[in-house]
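Trainee: Following full-length UniProt numbering, the numbering of the sequence shown begins with 1 at its first residue and continues without gaps.
Hints are computed from structural coordinates only; laboratory data are not their basis.
It is possible that part of the hints are untrue.
Using C-beta positions, here's what the derived DEER-type ranges look like [unchecked claim]:
no. : residue 1 : residue 2 : range
1   : Leu126    : Pro203    : 16 to 22 Å
2   : Asp442    : Pro419    : 25 to 31 Å
3   : Gly418    : Ser41     : 43 to 49 Å
4   : Gly428    : Arg478    : 23 to 29 Å
The list that follows gives simulated cross-link-like pairs (lysine-lysine, DSSO-like), each with its CA atoms no further than 30 Å apart [what the hints assert, rightly or not]:
no. : residue 1 : residue 2
5   : Lys358    : Lys222
6   : Lys417    : Lys81
7   : Lys417    : Lys42
Note that CB positions come from ideal geometry on N, CA and C, so glycine has one too.
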Amino acid sequence: MWSGRQGRLRPVGCVVEELRCRRREREAALRKARREQQLISKRLLRDDASEEAEGGCVAMILGETEIQHFLRLAQQGTEEKERERALVSLRRGLQHPETQQTFIWLEGSMRTLVGLLTSNQALLQLEAARCLHELSHSEQSAVAEACLPATSYLLTYLSGHSSDFIELCLYTLGNLIVESEAVRRQLLPQGIVPALAACIQSPHLTVLEALGYALSQLLQVKEAPEMIIPSPSADSSVLGSTLPEHILRLLQPGPKLNLGVAVEFAWCLHYIICSQVDNTLLISHGGLSTLGLLLLDMAGAVQRTEDTGLELLACPVLRCLSNLLTEAAMEVVGGQNQLEDERVVAALFILLQFFLQKQPSLLPEGLWLLNNLTANSPSFCTSLLSMDLIEPLLQLLPVSNVVSILVLTVLCNVAEKGPAYCQRLWPGPLLSCLIGTLASPDIEVVGQSLELLQLLFLYQPEAAKDFLQQSGLQVLERHQEEAQLQDRVHALQQTALHQ
1 MWSGRQGRLR
11 PVGCVVEELR
21 CRRREREAAL
31 RKARREQQLI
41 SKRLLRDDAS
51 EEAEGGCVAM
61 ILGETEIQHF
71 LRLAQQGTEE
81 KERERALVSL
91 RRGLQHPETQ
101 QTFIWLEGSM
111 RTLVGLLTSN
121 QALLQLEAAR
131 CLHELSHSEQ
141 SAVAEACLPA
151 TSYLLTYLSG
161 HSSDFIELCL
171 YTLGNLIVES
181 EAVRRQLLPQ
191 GIVPALAACI
201 QSPHLTVLEA
211 LGYALSQLLQ
221 VKEAPEMIIP
231 SPSADSSVLG
241 STLPEHILRL
251 LQPGPKLNLG
261 VAVEFAWCLH
271 YIICSQVDNT
281 LLISHGGLST
291 LGLLLLDMAG
301 AVQRTEDTGL
311 ELLACPVLRC
321 LSNLLTEAAM
331 EVVGGQNQLE
341 DERVVAALFI
351 LLQFFLQKQP
361 SLLPEGLWLL
371 NNLTANSPSF
381 CTSLLSMDLI
391 EPLLQLLPVS
401 NVVSILVLTV
411 LCNVAEKGPA
421 YCQRLWPGPL
431 LSCLIGTLAS
441 PDIEVVGQSL
451 ELLQLLFLYQ
461 PEAAKDFLQQ
471 SGLQVLERHQ
481 EEAQLQDRVH
491 ALQQTALHQ
């Protein structure tokens, strides 16, 4: 963008637009990276207290003979307790990968287990489902494929009456969905999305949390943006179901908000937004306002108590807000930013201070949201200035290079709004901080500092004079030989000297 032949100043509007374009290109690349970073994992639902009550036995690796013996007892035992104990022993053995491999290659084993899953005895059904759950947690894709005959039954049981059984089926399906494309190919036409949409109205928090997990697993698979999330006209798709409005309902702040449930569904919402299929729909359902109110609620919670656990919820909520704010769909909804409320900025700074003390890894998430809030909104930039938040922002510069770049980008958003904004940025500690960041060995930090100084010098000539008085040109000379910086260094030198 910067030309080596540039000897004279160009019109201010031209320079500002060039700086803005460069930042937008960099932000687009960052957003793409965020969408591609998936957080796939598996859950294991084990009742350790129950294991101890049953004797606290160490799970043993089972061979073919032991597996056949336990399956035979479970199927043909004379007493229900004896049959149940056989399945418990099998389940414990299936905690070992070696037993899992032996089990799936043993002829008739899965057929027998599915038969027990579909029996009319509730205790045997539950223990058979627990065996399948152990198998679903395997890291070997062949084990998930072997569970395929059971998945249709697990789906059917989601409409049952036992909340414990439904919870177990949901976690098992969530584990299998993410591991096996064959499982997804079977479950999608059988109606897994409508089945999950029915579950979301459950009054049981454990079921809702398990549902959020299973749905988040489904939303992360590679074919989700093309085959699972669209389209609003198909009730077998996520956006065509009642799921989006119920997800937002479960994220509404208030006494009924449950942290565990909210965390799972916030991640679900994050994956839907990142698919970029139809974020207008989420905005029309009140996505921005719901998330904004949730942000205010989280800020209030961290002020009331230090040990909130809300950092688990903060990450997906911040990402959801950040990504929704980047959508062109904003213009479709009347062009109005439904977060035009300076309380959002104040709440975000409360959270940033909390992250600084308790969870520094979340600082970039908060700053990315602040960047997206201020990028196209003069009112949010005004809020930063009127609430004297520039100094607290500058105090974050030493945390890390990533944090420095984001802080400087936010300040560029403010500065590019014009002379009135730069006048309020100046005077203050900004210049000494920027001279400090120019000494950074990180090229991106230096580059962002150069862009901010260029804007300040263009709109506030007094800043250039102060820069020269504080030996700014000598600091710039360190970077004259850096190939990636020398054009911008030269342009800034020219701007400073001609003000």
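Trainee: Hint by hint, which ones does the structure fall short of?
Mentor: 5, 6 and 7
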